[in-house]
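K.L.:
As given, the protein sequences belong to chains A and B, one line each in that order. For the first sequence, the numbering used here gives the first residue as 1, with consecutive numbering after it. For the second sequence, the numbering used here gives the first residue as 260, with consecutive numbering after it.
Note that these hints are calculated values from the structure, not bench results. Since the structure is predicted, the reported quantities are computational estimates derived from the model, not experimental observations. Hints are not guaranteed to be accurate.
Here are the computed distance ranges between Cβ atoms for each label pair [to be verified]:
no.: 1; chain 1: A; residue 1: C220; chain 2: B; residue 2: F323; range: 28 to 38 angstroms
no.: 2; chain 1: A; residue 1: G71; chain 2: B; residue 2: I300; range: 47 to 57 angstroms
no.: 3; chain 1: B; residue 1: E275; chain 2: A; residue 2: P41; range: 27 to 37 angstroms
no.: 4; chain 1: A; residue 1: A251; chain 2: B; residue 2: G294; range: 33 to 43 angstroms
no.: 5; chain 1: B; residue 1: K280; chain 2: A; residue 2: V33; range: 25 to 35 angstroms
no.: 6; chain 1: B; residue 1: K280; chain 2: A; residue 2: T40; range: 31 to 41 angstroms
no.: 7; chain 1: B; residue 1: V343; chain 2: A; residue 2: G151; range: 31 to 41 angstroms
A virtual CB, placed ideally from N, CA and C, is assigned to each residue, including glycine.
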Amino acid sequence: MRARVAAAAALLGACGADAPAPERTDLNPADAVSGYTFLTPETQALQDDDFANPGFLWVDQGRALFASTDGVSASCASCHEAPGLAAAAPTHPKIDAASGDLVNLEGRINLCRARYQDAEPLPYESEALLSLTAYVASLSRGAPMSVVVDGAAQASYAMGRDYFFTRRGQLNLACSQCHDDNWGRKLRGDTISQGHGNGFPAYRLEWQGLGSLHRRFQDCDAGVRAAPLDAGSDTYVALELYLAARSEGLAMETPAVRR
Amino acid sequence: MSAIRLSVPATARAGEVIELKALIQHEMESGFRRGSRGEIIPRDIITDFECRYNGETVFRASLFPGVAANPFLTFHTVATESGVLEFRWTDQDGETWSETADITVT
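Construct the entire structure; sequences and hints are all you get.
P.N.:
Here is the structure:
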């Protein structure tokens, strides 16, 4: 009964144009659970089977690209040994020491291309960038998410957190209203997850393919009838940082399978 | 380029029933969907799959627009002799992709 009252209150809140801003209470880290928890047993089984999981098609391609010298002056593998890279994915987004910018794993790969491989950046959401990102992130499977949010990253963290708690779109909903206040409840036929990015790039059944976390953000923004931002934009990278901090300690699952 | 994943046991006893799995990266665009401008996205699907064991067909399948992207097939055959299993996919325009796996039968 209490749940129903709360849900009704959330709906009423969503309708009022001058409704007060939602309270900015971060998710209790002890409550954090992966999106895997909210999947059907069939989808969980698909993720658990390393052969059947279609995300590994991209991981395989990423592994080939990692060792390839096609279009680059030096392969990724000529600098990086795969085991050493296992620390990369759980600690991104992080501040790039040379430029002072916050970069996520996709951004880091493109920085490497510009600085060491004499190559053009790969377009965000291109198959090549998705494959490389998925491969590198897959090396960290099982490792806990752990990003730095103080120091130079503090401003970005605040920006990402602000984005998460700001109402937007025709439905006038903030990310927090679904993913903090109502996770575990139903939205149409689906169970609302906590919105963690620990499995991305992930294979989404809806996409019938692998996609980045930023593509997922765009879907959520479109879902509340707000104009999605560009993938790779500073705001989305900042949001990715806030979410990564919110997922502190959750195990990486890339390539995960999601609805 | 389509990535392919095969699961074939490296060794088997003669007469043993073995499980084979084949996964290929393909959009399987049904031809019924529309793009953001309302135009029909043309159909682009794999229509045939065949598995040959030392040249002999042991499994084949026809695929249709209702099959999801990145089709995944699991099937069985009897291990008879050492040799090569060839997996071949053919799309609606006759383009083919194939991959082979060796098996040792004892």
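K.L.:
Compare the structure with each hint and give your call.
P.N.:
Structure-based check of each hint:
1. Taken as a hint, the range 28 to 38 angstroms holds for the pair C220/A and F323/B, whose Cβ atoms sit roughly 33 angstroms apart.
2. In this structure the hint that G71/A and I300/B lie 47 to 57 angstroms apart at CB is violated, the actual value being about 29 angstroms.
3. The given range of 27 to 37 angstroms is respected by E275/B and P41/A, whose C-beta atoms sit roughly 30 angstroms from each other.
4. Between A251/A and G294/B the CB atoms are about 38 angstroms apart, so this pair conforms to the stated range of 33 to 43 angstroms.
5. In this structure, K280/B and V33/A meet the distance hint of 25 to 35 angstroms, their C-beta atoms being roughly 31 angstroms apart.
6. Range check, K280/B to T40/A: about 22 angstroms between beta-carbon atoms, so the 31 to 41 angstroms window is missed.
7. Take V343/B and G151/A: their Cβ atoms lie about 58 angstroms apart, and the range 31 to 41 angstroms is violated.
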